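Protein chains in written order, with the numbering used here: chain P, 1 to 454; chain G, 1 to 264.
Please keep in mind that the hints were generated in silico from the structure rather than gathered at the bench.
For clarity, every value in this text was computed on a predicted model and none was experimentally measured.
Hints are not guaranteed to be accurate.
SDA-like mimics (lysine to any residue), calculated; alpha carbons at most 20 Å apart, straight line [stated by the list, open to error]:
id, chain 1, residue 1, chain 2, residue 2
1, P, Lys135, G, Ala90
2, P, Lys90, G, Ile5
3, P, Lys136, G, Lys24
4, P, Lys135, G, Ile89
5, P, Lys161, G, Ala90
6, P, Lys31, G, Tyr27
7, P, Lys135, G, Glu13
8, G, Lys24, P, Pro159
9, P, Lys141, G, Phe16
10, P, Lys90, P, Pro159
11, P, Lys161, G, Leu8
12, P, Lys135, G, Leu15
13, P, Lys90, G, Leu8
14, P, Lys90, G, Phe246
15, P, Lys339, P, Lys239
16, P, Lys90, G, Phe9
17, G, Lys24, P, Asp157
18, G, Lys20, P, Asn180
19, P, Lys161, G, Leu15
20, G, Lys26, P, Thr120
Derived list of chain P stretches under chain G, where covered just means 3 residues or more per stretch with a C-beta under 8 Å from a C-beta of chain G [to be verified]:
id, segment
21, 77-86
22, 123-132
Here a beta-carbon is modelled for each residue, glycine too, at the ideal position from N, C-alpha and C.
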Amino acid sequence: MNDTKKYGEDRIKNSGNDIAVSIKSVSKKYKIRHEKIPSLKQTILKLKRATYEEFLALDNVSFSVKHGETCGLIGPNGSGKSTLLKLMAKIIQPTSGEIIVNGPLSALLELGAGFHPDLTGRENIYINAAILGMKKRNVDKKLNDIIEFSGLERFIDTPVKNYSSGMYMRLGFSVAINVNPDILLVDEVLAVGDQAFQAKCYKVIYDFMKSGKTIIIVSHDLETISDLCSKVIFMKDGKLIDMGKPLDIVAKYRAYIEELEKKRIIEQQRTERKKIFKTVIEDNRKVIDGEEISKLSNLSIDGETINRFGSGDAEIKSVKLLDEKNKQMDFCKYGDNLKIVCEILFRETVKGPIFGIMITDPKNNIIYGTNSRLNNMKTGWFKKGDLVKVIYKQKVNLIGGEYYITLAVGYSDNKTYCDWVNNIATINVINKNIAEGIADLDSKINFEKINKKK
Amino acid sequence: MFSAIRTLFSYRELLFSLTKKELKVKYRGSALGFFWSLLNPILTMLVYYFVFSIVLRAGIKEFAVFLICALLPFNFLSNSVNYGASSIIANSNLVNKIYFPREIIPLSIVLSNLINFFFELAALFIVLGIMGYKFYIFLYLLPVVIFIQFFLVVGMSLLVSALNVFFRDLQHLITIIMMVWFFGTPIIYPLSMVPERFQFIIKINPMTIYAAYYRNIFYYVKYPEGAGFPSAPETLIALGITLLIFFIGYFVFKRLEFRFAEEI
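Next comes chain P alone, as it looks inside the complex (with noise of 0.2 Å):
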């Protein structure tokens, strides 16, 4: 009580200047070297000199913090959120620009930094309250405090190494939080424990914040931040790209974020197609036995069916099933005479292409399929904006049901494709009920009576 009212006191004293963090125009420039460390007689004798580039961390960022806001910063990995952080505390210094800090500091980079592992929990107690610029009496005073958030009363003379993680974090913040300084950074370190213990860490950090403290916070947990901060900064590349209120640039961010996941989705297929054709090129002698081309018809990627593939060079505009009367055929009969037209355009100039058709049954088995190049014909060259007509002439030798054609245009490597398209159009027969199965094997059934002689 008494700390709360004295730092109330000091905000009051304060009040001529309510700025309490202050960024002037910083910008951060990190060496990145290309080899390890040169040694001392590579220096001395110049043998190597390390070669590096400048990678700028923070290109000209500006804001401020004032005293008694919640200020959150927000933006991908690499964004320069945590360089900021570690500018303010002290702990770097910026290549250029200014920083004014107005008040007692303390950061909570990582918790328990400096813990000893072959010390106990008490006695680390003291050393990192020191390290985070407690004085010793203070801790002597909120010891018991810190031992009980911690929860940890039963292991707190036991050395650190034995700890589980979790608790070792748990006791990192039982003591950090203790410190009481007036302008607290945080950096992703409220994700702690177990749910009962993140829960009084969200209470302490509110009790803070209503005690009129400063707290700078750098989360990815967007929830938190528009929940916490009064005010949030969005950050990417190094630069500061918004600052405002924080359901508009949680809101910005999170679209920004859809956009990349957006991009990284189509990048993803895209790989993916590439890998299909690189299957099909090594697997290529299954293709045309057929075995494989049961998996071109039924690709998926992430559980999405991809009904289509292929460069795009050739793309198949139209299909049409029609009679020997070019009348169009919405059933046919078995034995029917079918013709399946379709119109190729050709985007660019495609040497020798190959005019394939696939015919499948629901349950994507291949009931049969050819092109033109397993008929020895050659195709010759087609030019760029060229449209072609490809008629397969077919005898519905099925019996009845519904069948799916498959129509493709490859190279001439016979292993990658212009365009593909699984399923364009549906044959349905009309069932006559003259067998059982897929397809007529012609067959003729004769029969005789054999009587046993007498």
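The hints should help you fit chain G onto chain P, whose structure is shown.
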């Protein structure tokens, strides 16, 4: 520099805390704990007594005492420098995550070694008392000598701890340097043994002068024939070199400390 001292003063509790940690960790898990600090010099003396008074017969009376009263101060220096060299790197988790005056890390190493040195001196007093040395005659000089040597040790520790962050093989070099320094200081031999023309070089080494003081305080009180405190100019030169090393160490450290977190 004064503001740095003020900052350091405000972090004194951290300094003490880390010093305590160093000492605790050193003896953690050993049954005798701090008694090792007392036991160590006594056992060392027994070994040297056996080697130099019985086997080699160096011709110096009570050689073990002659040696140990110069060896202990030198160990204070060499332990501090050896541990100090790797101290910043060893505490990279602190340097990377928390701000505090960085010199606290090597200073805590020096302080813990200083406390160790005190324990060893306490053991030495006991042995000297038993052996009938009137070591209390010049004892008032001891704090002064230790105080001055402290600056040399701090300067060296600051220098090597900062440089070692940037040139990691310094750590290995230091072992050699400290060995050369050890034999370049009259510890296992008296200064009078050194040929006249080399004495000049040996005397530039401030540890020579300090070792002479320690030896006068402890050893020559019983065998005054070899006694004689270093002259005033010699002492002033040692003092000057000590301060020079201290300031070089301090300024090099201050120049480089901002880059520690990035370099580690």
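Quiz item: Can you list which hints this structure breaks, lowest number first?
Solution: Checked against the structure, the hints that fail are numbers 1, 4, 6, 10, 11, 14, 15, 18, 19, 21, while the rest are satisfied.
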